[in-house]
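Chains as they are written, first to last, in numbering that gives the first Met the number 0: chain A, 0 to 347; chain B, 0 to 379.
Hints were generated in silico from the structure; no laboratory data involved.
Backbone N, C-alpha and C fix where the C-beta goes; we use that ideal spot for every residue, glycine too.
Do not take every clue at face value.
Stretch by stretch, here's where chain B covers chain A in the computed footprint (C-beta under 8 Å, at least three residues) [as the list claims (entries may be wrong)]:
no., segment
1, 136-149
2, 183-190
3, 225-237
4, 260-269
5, 286-300
6, 340-347
In case you want the letters, here they are:
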Amino acid sequence: MKFSFGSDQLALAETLAEVLAKRCPPELVRAVWQSESGYSEELWEALGELGVLAVAVPEAYGGLGMNQVDLVKLLEESGRAAAPVPLLEHAGVGVPALAETTATELAEHWLPLAAAGEVIVTAAVPGSEHQGDGNTVVSLVSYAAQADLAILSCQGELFAVEQQNYQVQELESVDGSRRLGWVEWSPQDAFGLPGASSESVFERGVLAAAAQSIGVADHLLETTVAYVKEREQFGKPVGSYQAVKHHLADVAKAMGFARPSVYAAAWAVSQDTEKLTQQEQQKFVSAAKSLASDAADLAARKCLQCHGAIGYTYESDLHLWLKRAWSLSASWGDAHWHRRRLAGLLGI
Amino acid sequence: MDTPEGFEQHREWEKQLFAGGWSVPAWPEKYGGRDCSLVEWLLYEEEYWASGAPGRVSANGISLLAPTIFSFATAEQQERFLRPMAAGEEIWSQAWSEPNAGSDLAALSTKAQRQGEWFVLNGQKTWCSRGAFADWFFALVRTDPEAERHRGLSYLLIPRDTQGLEVREVARIDGQPGFAELFFEDALVHESNLLGEEGQGWAVAMATTGSERGLNLRAPGRFMAGADRLVALAASEGQTSPPGVAGLPVAQAAPDSGSAARGAASETLDSLREDVVRCWVESRAYRWLCYETAERLASGESLGSEASFMKIFWSELDVELHATALRLLGETGELAGPKAQAGGAWMDGYLFALSGPIYAGTNEIQRNIVAERVLGLPRR
């Protein structure tokens, strides 16, 4: 077992970081918050060109045929930039589900398009759906109005639903780049996804949210450290005061411990269940998400505090990341939910 | 470990470990080790603690002093000290703190004046863990009385039977003589016991604190085993009497993934059960961080100030772990001694764990170090 990334993996993450630093400034995130489209088409195109959207697509379908270990640092980078695109849903969850299904016609049609970024595939938390009117099912889906295909579940079965076959009732999230909606659909108008499991969809979604969370928290810490070095009160930088130092040391510690666990979880979910049972994989994933969510929540709270009043304004960019942190830590099961699941897995 | 009889039993255990080649597996073979890699050593530690084997009375020597000996000692000193240390024949105790130099170690004032090939020591050391029964002390002393703070310090290895050295036991919070105070009155220590160069004691000592705060002293295996015992305690069937000595109520079925999105399900979680899980998760988090770090060290990188946040993490985890166990035990949690649950191990462990955030540089100092050296915040 290796405990570090390969040079290819690091190089792709670095390239993505550079592209995001250049093409995804806070102004872009703000603009997308106000936009009709709900995501940055330009950035999406750039990610497609870079190959980021093709990572989990099998080579046979024009992808890179890589796995969650290859993906985890890319998701982390997208979190760091608060990138206003459906990367988690598409690359982290939707594409791997399509890659897994034995419904090859569906995969043949959608995966090459998904790899190039010509379509958006989204996914919902399996089991979160409820019964709608008549034969319909209602699912809470992010980027539903933007997506071309949604991977949804009904009674434990997975389905792929094309946009023309679902109705979206848009909702408003505190995080303006997270476009949520109630989606009403019917399994009769959907493709089955034999071979893809709702359990795997869930684990991958949790992992992707954890990976983005640590990127978000990292950015929060970095910008706050820069701020407290500059900002002076009582004739000294506020970062020289022990109370401020200890807040940020706690964030650094939480981050330092969450990150390796997130990477370990990425390794775990890319293992064959014959090598690492599903239950064992779930332990890794829940440990990672609980640590990452807690770290992101702590970062959000402490970094706002260390910014003082300026951080509480809409004008400051800080809130873009605070809200990203909140929405990620609440989605795909929050820290409490994952500790609860772990309690069951540990037999207590 | 901290009674005369217990200490001797532990010494015997160290000798047995050494005879089997399991005392210091990461050391070179010629000193009784197995030349194993850092990752292998982490695995060894996991197995060691999972087996329920006893704490290591030689820990301060093999984990804190030995790395310094490997880096700074002369060949003769390495020959002289390493094997007896690994074999449990010579147990070492750290003599750094003084009544007026705790977290502010550079304020230390014990003097060691040169007289020919000897150093003449005067002053007082305190909080020497296991000092009551140790054979040797590794000390930081001031060899240049004119120099201040970090300058003019030297690192000395001091035999217990040194003339002019008086060792007084100090009882710890648990009542056992776990500490010693050392009083030096014109005590003579030979220059062959100087570790590193004269006047370079601070630099030499800092190499040891890296080990103390980071991987070497507290490998994750110890906390993983502790967390596993905590999980077992929580899972144990409720015992009928006395009330409170009970595992948690039988687990409910794991929630379905859908409730993850509903949120409310999370709120019904018993906080005690969640605290048990938190300890388990953190023990694993420390594990993955250590493996990642070990791999980095193996590729030639050095462990820097990150060691400080490791120390904060494991010491606070250890406290939480034992405090949670005592909460699980309910009103019998206060029991101590052989009639208590697990022979009093949870209370003993709790009392020991409470020292963690204090020793090796308090966690407040560690947080300063993380802020200043990892995050780069201004010192003043």
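Taking the hints in turn, this is what the structure says about them:
| no. | hint | verdict |
| --- | --- | --- |
| 1 | 136-149 | violated (count 1) |
| 2 | 183-190 | violated (count 0) |
| 3 | 225-237 | holds (count 4) |
| 4 | 260-269 | holds (count 3) |
| 5 | 286-300 | holds (count 3) |
| 6 | 340-347 | holds (count 8) |
Of the numbered hints stated above, those contradicted by the structure are hints 1 and 2, listed in ascending order.
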